[in-house]
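**Student:** One letter stands for each residue in the lines below.
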Amino acid sequence: MADATASGPGSLGQIQSDYIAMTSRKRLYSGIMMLVLVLLLVSGFNMAEGRNGGSFIGGLDNFFDYPAEVVGEAWTNRANIPGLFAKYFPALIETVNIAAVSTLFGALFAIVFSLLSTRGLARFPRLIGLFRRMMDIMRAVPEIVIALVLIFVLGGGPVPAMIAIAFHTTGALGKLFSEVNENASLKPLEGLESVGATWSQKMLLGVVPQVAPNWLSYALLRFEINIRASAILGFVGAGGLGYELKVAIQWGQGRFDAAGAMFIMLFFTIMFFDQISSHFRDKLVHGAREQG
Amino acid sequence: MAMLDATGDLRAQTETVFARKRMVTFGILGLISAYFVYIFFAFGIPEIWAKADGQNARTLVSDMITYKTHITRDNRSGDVSYAIEGEKKGRYPEGKSPDWVTTDGDTTVIQLGGDQVVTYGPDVITMNIPEFGLMSFQVSRSSGVVAEYPVPVDELPEWINASKNRVAITTEEGRLSVTRNRTEVFRYFLGWELFFFTLDSPYHGMGVGEVIGRMFSGEFSDIMDDFWNNPMWLHKEVFWAIMETLLMAFLGTAGAAILALPLAFLAAKNFSPIMAIRFGMRRVFDFFRGVDALIWTIILTRAFGLGPLTGALAILITDTGSFGKMFSEALENVDDKQIEGIRSTGAKPLQRYRFGVLPQVTPVLLSQILYYIESNTRSATVIGAITGGGIGLMLTQAIITQKDWEEVTYYITLVVLLVIFMDWLSGKLRAALIKGDEGGH
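As you go down the protein sequences, you meet chains A and B in turn. Residue numbering for the first sequence is 367 to 658, as defined by the working numbering. Residue numbering for the second sequence is -8 to 432, as defined by the working numbering.
Simulated from the structure, these hints should not be mistaken for lab results. Be a bit skeptical, because a hint or two may be false.
Said to hold, decoys possible - Chain B is faced by these chain A residues, among others (derived, beta-carbon under 10 Å):
#1 VAL467
#2 LEU520
#3 VAL613
All residues carry an ideal CB built from backbone N, CA and C; glycine is no exception.
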């Protein structure tokens, strides 16, 4: 158009200057945001360093000392390593078992909770909010808290860790499961309802087949996370490899070969289950896509 | 279904398929049950059940919701002192006493609930329980505790535990214990003691209305100061501990995100043409994630000492691995057309990344970062328990002493509220981010 370049409201010049103004304002805001973030990071870092036992720069120098010591000692005693693997293998199995059982229990409870808290599926629609809040709380309680309290009541060992992780898993998986449930088609449910199915039959025959692959995929992911959690809980007294690790490094000198062996075992176990679970998750999601 | 053949007997085929499916289902269920049975014995559940300490559980629950006031008499000097939870910081100031205790010269009368009365006399200590009768105890250096009961000694009920040097009587209302050195009465009350003000504060025992009234009449800072420095509940320390936990989560997550972003470019197929670098970078990410936060924590504690910085670094290193992996996947999914467009205006590579790539991935990355901030708040509690920082440390210390269960409950409540708040906040921010993004373009 001929008058596009003329000045006036809505003209090109106006639009251009408006655009420039907007861009610079946007840039200013992002700049301020970045500045605030950097300031927060720097001051937070200084604060954390101030409250820390040792300083950051001082620590950087000996950052590799401990790993080097562990590796060095493990290397000099490398003949022991296979024996140590065999010695700590039962503890590793216990750690993996804790993770597996708690994932299974957590997933079973999460299924029930998620079905009860999904709109359109819930058995008691009025109580959806209640079940959701319950899951929020279960998710929010750190495992270590329940584990420590249960260790007081039940004594040390794998059971407190198992209950603690299962409790947290219920909340975490319940939320993910109910998000999956929301996408399930309600048509099979109507069909089942028309032939007089009860609520549990509707869920089992109408919903579960639709969502099972996604459930399984999330549960596998959780299993990965739970192996790590189970190792950490062992460290505070709940049995398994974490506990042996704590004993070995508390021993001070002379047990670094054991600690090294356990580091290696833990690392490869975590990698192993990561690979397996991501392989199966790929397959599950892929399979679900083929059907859809 | 591919398994059905249209030419044959459909019904029979369907039944075969169903039978097979049923078998698979029951097979899986059977395997799971067998695994549970194995675990039942591998974890020694029968033994745990047998030796589980019901007493510990009862102590825990009752201590969570009640507190006790100790009335202690030093049997040698005859001095009587009153202290909540028997702690120094809960002691009544000189000349003050709970209103259910009356002192008259050398005699102290303690009213327990249910008309039970304990009297500390100069020589004799008596306890009167209405349905049971009057008991009296005399303490001497030579013969220990000499007691008189309304029933013969061999018919004493089980709530009286008596030996030569020690008598302990536990009722619903409280507990009396007499030893040679001292006599002690516990009376239990519902609630958390001295939560707002300790006994030495002038505001202890004031009504809520009065305290609020005084707040507005110029005593605000005094009131807050007494509350803030409460030695029993340590509100100030708890607040800073929570801030420390949040700080660990924030530093760890933000630091990991900043580190992971450039590294993710090196690991993404469409930005890093050299396969060896790509492969190496991915293995580095795997290594960071695979060496668990626990191992990083141990290594870092050796290098940097105990404290929040160590915890933040442990989160930072583990999450650099996770973020690196996720960011590089997000980068591989970007649309090339926008980059082409930027390139056509003559932009240099750095400008292409800034204007062609970052706007596409920012919402995805920010949403992942926000999700991690929430989950790292929880991790920071756990890591804090090991590296000695934040609310995690206070929590484990309170649990390890095995007596301050009301404080444990308080800290747990705070942690749960904190995580729920972070969850809510990150959800809100993510929603705003996605919405803002749709509106903005």
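**Student:** Using Cβ atoms only, decide whether VAL467 of chain A comes closer than 10 Å to chain B, and label the hint accordingly.
**Tutor:** 5 Å, holds
**Student:** Against chain B, with CB atoms and a cut of 10 Å, does the hint on LEU520 of chain A hold up?
**Tutor:** 5 Å, holds
**Student:** For the hint on VAL613 of chain A, does the least C-beta distance to chain B fall short of 10 Å?
**Tutor:** 13 Å, violated
Consistency note: the structure conflicts with earlier hint 3 alone.
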